[in-house]
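Protein sequences appear in the order of chains U and L.
Start counting the first sequence at 132; every next residue gets the next number (the numbering used here).
Start counting the second sequence at 245; every next residue gets the next number (the numbering used here).
Take these hints with a grain of salt, some might be off.
[To be verified] Covered stretches of chain U, as calculated for chain L (at least 3 residues, CB under 8 Å):
#: 1; region: 140-150
#: 2; region: 196-206
#: 3; region: 217-226
#: 4; region: 233-239
#: 5; region: 245-253
#: 6; region: 282-295
Rather than coming from a laboratory, the hints here were simulated on the basis of the structure.
All residues carry an ideal CB built from backbone N, CA and C; glycine is no exception.
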Amino acid sequence: MNKNLEAKFGITKNPGEIIFCEYEPGTTIFFIQKGNVRLTKIVSNKEKTLAVIGAGDIFGEMAILEKLPRSATAIAEDEVKLLEFDKDSFAQLVQVQPGIAIKLLKIFASRITDQQRKLKIMILPDEDSKILDVLIMLAEKMGLDPEKTKEIELDTDVGQIANWAGIPIKDCEGRLINLEHSGKIQVKQKTVFVNNLYAIHRFVQSKRKSIERE
Amino acid sequence: MPQVRQFKSGSVIFFDGEYKDNNVYLLKSGVCSRTKVSPSSRRPELSNVQIGEFFGIKSALGNFPRDETIQVIKDSLVYEFSQKEFESVIKSKVSIIFKMLKAFSNELRKIHIAIDSILTRDTEGEEAFDQSAKLMYIGNYYYSNKAYEQAQYAFKKFIIHNSSSIYIDEVNTKLKEIESIINFRKSGKPVAKPKEVVPSDTGLFKLCESEESLADVLGADSMISSFNELLSEYKKGNFQKCYKTVKQLHFKIGTTMPEGELYERIFMTECRLAYYNQEYKKAIELVKAFAGRYKKSKWLYYTLLIMAECYSKIGSEGNAKVIYNKIVVQEHDKKLIDYVKGKL
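Can you build the whole structure from these sequences, using the hints too?
So, in structure tokens, the structure goes:
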């Protein structure tokens with residue numbers, strides 16, 4: 132990396148130091164040169180780790196285009212060297228390192244796609260359908276075609292499913308138990324086993340068609 | 245180098261949902277329509293692809309199924325780029341990159357708005373969360389988990405962004421305390437853990453604020469003047485000092501618990517300070533002793549209140565409720581009743 136960039140935009144953080152805090156208004160984006168950063172959210176009075184990212188990754192990107200409250204806390208895991216840019220300095224960076232801009236475009240692309248999919252889930256009329264669609268979505272993310280898949284074990288937990296479905300965790304737990312009783316799925320410690328994904332897929336599709344008709 | 249391809253009117257360049265390749269296209273000539281389901285209206289929206297416009301970028305870059313259908317209306321010529329070709333072309337074109345970033349972020353914002361509107365519709369009234377105090381809640385989380393540097397960061401940011409909040413004083417107090425803890429740690433002295441004496445409930449504290457000094461009630465005496473001094477330190481919020489003093493007084497008095505309002509007040513204050521110091525079980529025992537000895541005290545219900553708060557803190561909500569109900573039916577003090585009603 133250009134030494135000039137480091138001098139202008141480089142910052143260092145010690146282990147445990149907060150880079151930015153959830154809900155803090157922000158206008159800058161960060162690029163990790165060295166070290167690891169943990170992204171967390173406080174949910175029901177517990178700190179949950181969303182991800183741990185490292186050298187070459189970007190975070191805080193939502194703020195680059197407009198001033199928004201940060202959606203998570205970023206904490207240095209070890210000694211971390213970062214480059215911090217605001218909108219204007221980022222434009223300068225792109226001239227020098229276009230690869231970063233492309234990386235950012237990819238991040239946005241995947242965010243948009245995820246959120247579009249989430250929206251599709253959320254407009255389903257009932258919680259069971261939402262949960263089933265989340266399972267379909269998770270299979271799609273694994274690269275599977277729900278039209279061609281029957282049995283599948285998904286790497287997920289109640290919290291993640293509840294988040295994608297946009298429903299409270301307690302409700303989600305209850306629904307999953309019911310689905311288990313009806314034989315559609317088996318909820319294990321860290322995974323969910325689906326007995327017949329294709330059947331679930333058809334069920335959700337017909338739900339969608341019925342709301343479209345209304 | 246991109247390929248130039250011909251498409252006849254009526255044909256489809258790619259379908260919504262198709263997962264075949266990661267090509268990006270540029271319209272050179274002709275007319276093509278784009279059909280895309282809008283996140284906000286959830287209906288298919290029709291638009292025309294402009295000459296010189298790239299399309300298929302998002303799905304190509306992210307390796308996703310296509311999210312729109314591109315149909316040829318009039319015979320068209322398109323440039324077809326592979327993902328790699330596309331990336332090398334735009335690398336040097338900063339303005340195009342920024343245009344795309346802007347377009348993406350607008351799209352993302354629309355989707356967020358659509359999602360938020362569904363979420364608020366579904367959970368209306370579920371969480372009455374004070375939006376402006378969110379940073380403070382984060383600080384409180386770290387503070388209660390003894391992550392002081394992190395709490396300091398969050399509290400400082402809270403103050404910067406919410407300078408007129410009603411919580412400013414509370415946060416400043418915590419910041420001062422955190423600073424002294426951090427400085428104490430830095431000084432390298434062997435860690436004799438300083439007991440953090442902080443009112444864990446400002447309601448109870450406010451309730452006791454108006455207690456009169458005893459000189460007005462009983463006249464001068466060394467123990468009385470010690471107690472009055474204690475009371476004034478208490479009102480200033482110097483709880484560490486108060487707690488130390490009241491324990492000394494208790495030791496002086498001994499185990500007998502003599503008659504008289506002075507002693508009632510001293511023991512009640514000790515109960516309260518133990519509570520502030522988060523020594524809940526100790527406070528409960530002290531209150532039991534008080535209630536056993538001073539059954540007719542006018543301070544009995546104030547002291548019982550401390551016990552209820554302690555039970556609540558240690559998770560014995562059942563016990564807490566029993567005591568709150570006892571307090572609510574006494575006729576001594578209306579302020580007390582109002583406070584407890586708020587708790588029930």
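Evaluation of the provided hints:
1. 140-150: holds (count 3)
2. 196-206: holds (count 5)
3. 217-226: holds (count 3)
4. 233-239: As far as the region 233-239 of chain U goes, the hint holds, because 5 residues have Cβ atoms under 8 Å from chain L.
5. 245-253: holds (count 5)
6. 282-295: violated (count 0)
Of the hints listed earlier, the one the structure fails to meet is number 6.
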